[in-house]
Amino acid sequence: MKVLSIESATNVASVALCEEGMVQAERFLNIRKNHSEKLLPLIDGMLADADMDAEEIGLLAVSVGPGSFTGLRIGMATAKGLAYGWDLPLKGVNTLDAMAYALRGDLGTVVPLINARRKEAFGGFFVGGDERVGDYFVLNAQSIAERLQELGLMNPIFMGDGVHAIRAELAECMPEARFASPASVDNRAASVGLLALERYALEGEDDLKGLSPTYIRASQAEQNLKKAGAHE
Amino acid sequence: MTEKPKLLLALETSCDETSAAVIENGRIIRSNVISSQIAIHQLYGGVVPEIASRKHLENVLEVVEMALVEAGVDKKDLDCLAVTYGPGLVGALLVGVSLAKSLAYALKIPLVPVHHLLGHMYANLLSHPDVEFPLICTVVSGGHTSIIYWEDHGKMSILGQTRDDAAGEAFDKVARVLGLGYPGGPEIEKAALVGAENIKFPRAYLEADSYDFSFSGLKSSVINYLHKNKQNGQDIVVEDVARSFQEALMEVLVEKTLRAAKEKKVRTVALAGGVASNQALRLRMKERLEPEGIQLIFPEPVLCTDNAAMIGAAAYYLAGQGKVAGLDLNAVPSIPIHG
Ligand SMILES: [Zn+2]
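Line order of the protein sequences matches chains A and B. Per the working numbering, residue 1 is the first one in the first sequence, and the count goes up by one each step. Per the working numbering, residue 1 is the first one in the second sequence, and the count goes up by one each step.
The hints are simulated quantities; they were obtained by calculation from the structure and are not laboratory data. Glycine residues also receive a C-beta, built at the ideal position from the N, C-alpha and C atoms. Some hints could be false.
Said to hold, decoys possible - Non-contacting residues of chain B with respect to chain A, defined by C-beta distances greater than 10 angstroms in every case (computed):
(1) Glu50
(2) Arg54
(3) Lys101
(4) Leu180
(5) Asp328
What the hints assert, rightly or not - Derived BS3-like pairs: lysine-lysine, alpha-carbon spacing no greater than 27 angstroms straight-line:
(6) Lys227/A - Lys2/A
(7) Lys227/A - Lys76/B
(8) Lys2/A - Lys173/B
What the hints assert, rightly or not - With beta-carbon atoms standing in for the labels, derived distance ranges:
(9) Ala218/A - Val332/B: 49 to 57 angstroms
(10) Glu172/A - Ser216/B: 45 to 53 angstroms
(11) Pro202/B - Asp207/A: 40 to 48 angstroms
(12) Pro186/B - Gln149/A: 44 to 52 angstroms
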């Protein structure tokens, strides 16, 4: 079965066509340009290049975050419109899971990071690139190092755009830290598509209408409201 | 595409209402589903853009499907899609624009981008299909206050607009300082019903020949009035303040609209936007316009608030003019109105 996947959780806008175990086509932009202007032309161009008809696609996949709130919503609204229009199932995949999947087989602890600003990163710990240990988090470098130690996780390899934001701090806390090459580890739609195929086979589709991004952080207004409530 | 679409699905997500509508031949509302977020935003005392965007994404497809089911239309039978692309909250607009683009692409039908204000104006044509151009259209809402000379489909010019707060914004802010809650328009209107106009608030007419508005001075003088009376330990009658404020704001709206109608020699004035459902405004307008032989029209209440039917009505004519979006259509948070 062919899957069309969308990744727009960060500055990256990427779309891919995959089949079990194979990336057939992929388009990738990391130029901080507006995802809303780029995403659908990327899909249209890729389908044209691949000489592919929509009828050949069996699954839509989308990266659900964490990441940029706006980027995630553009990607998910686009995926919902396509899935609804084409009558296809939709599968959402956690962005961090998809990133770690790209390093499946690594012998250490794979730590995908997404820039969360304020010197923090969204992230997760994966053993062998597959099995997540502990919860997803949004933490600074020091706390990430402490968390790794608490969980007894060794030999971390960091990847993703969160590395750009806190690389110096990570290297300082963890002299043993490894950093994956950006050539292989930016978040890509191909990882989202391949992982979605695996999960769709196991779990089936997601609720097309109800699916919404994994924000991890509450919005500023919700945080303020909570604070105000706590003071009363 | 320069043919007018028979069956059109429209989407509106520019602020705090998620709405989808099916419009037949530009005039018949087959469905107009509106999912309001007001209850959520009331917790915060106003619209929170980030929360609005999240809710739109959670609701939009459900609302689209309800609109299709209610209209008894299969999505494969649609000829055209329409969406509000601005002005509005950019994150909220992006949900509608992204979904409309990909749905139109998947269904292989054209997408018409619609200016939100134009939608409000066209709401009048849904409620009054036989109205004749030219018109003066006064748009009064949370985001806009404009007097527009509307000559025909695709032909209009802005005579004047607000230089600071929109009228609806002034309503919301004054309602907040009066402790009347959100949204402010209906709350002020309710309070004003039992209040007396016994406080003289300023009327900002600006330059003698100007059709522009300024409501920030009025808002400030309400705040000053409350402040001064509180300091002097004097009682404040909320209803009187609401009434006096509302009268001051409306007088300028009504007088400028009347002057525009006379200058352009139109026989009809149309009210549009959320504040157009204010009964007092309609009454004041009628009182001034009818003796001059000018007819006042306004949309039915459900078409005054943000809704997708009005977007679909506007899109019907835009489609006829070939105004179709490309795959790179983006949301535009602020953009002047055009034909
Ligand atoms: Zn509006």
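Against the structure, the hints come out as follows:
no. : hint                                    : in the structure
1   : Glu50                                   : 4 angstroms, violated
2   : Arg54                                   : 7 angstroms, violated
3   : Lys101                                  : 5 angstroms, violated
4   : Leu180                                  : 20 angstroms, holds
5   : Asp328                                  : 4 angstroms, violated
6   : Lys227/A - Lys2/A                       : 47 angstroms, violated
7   : Lys227/A - Lys76/B                      : 48 angstroms, violated
8   : Lys2/A - Lys173/B                       : 53 angstroms, violated
9   : Ala218/A - Val332/B: 49 to 57 angstroms : 28 angstroms, violated
10  : Glu172/A - Ser216/B: 45 to 53 angstroms : 51 angstroms, holds
11  : Pro202/B - Asp207/A: 40 to 48 angstroms : 54 angstroms, violated
12  : Pro186/B - Gln149/A: 44 to 52 angstroms : 58 angstroms, violated
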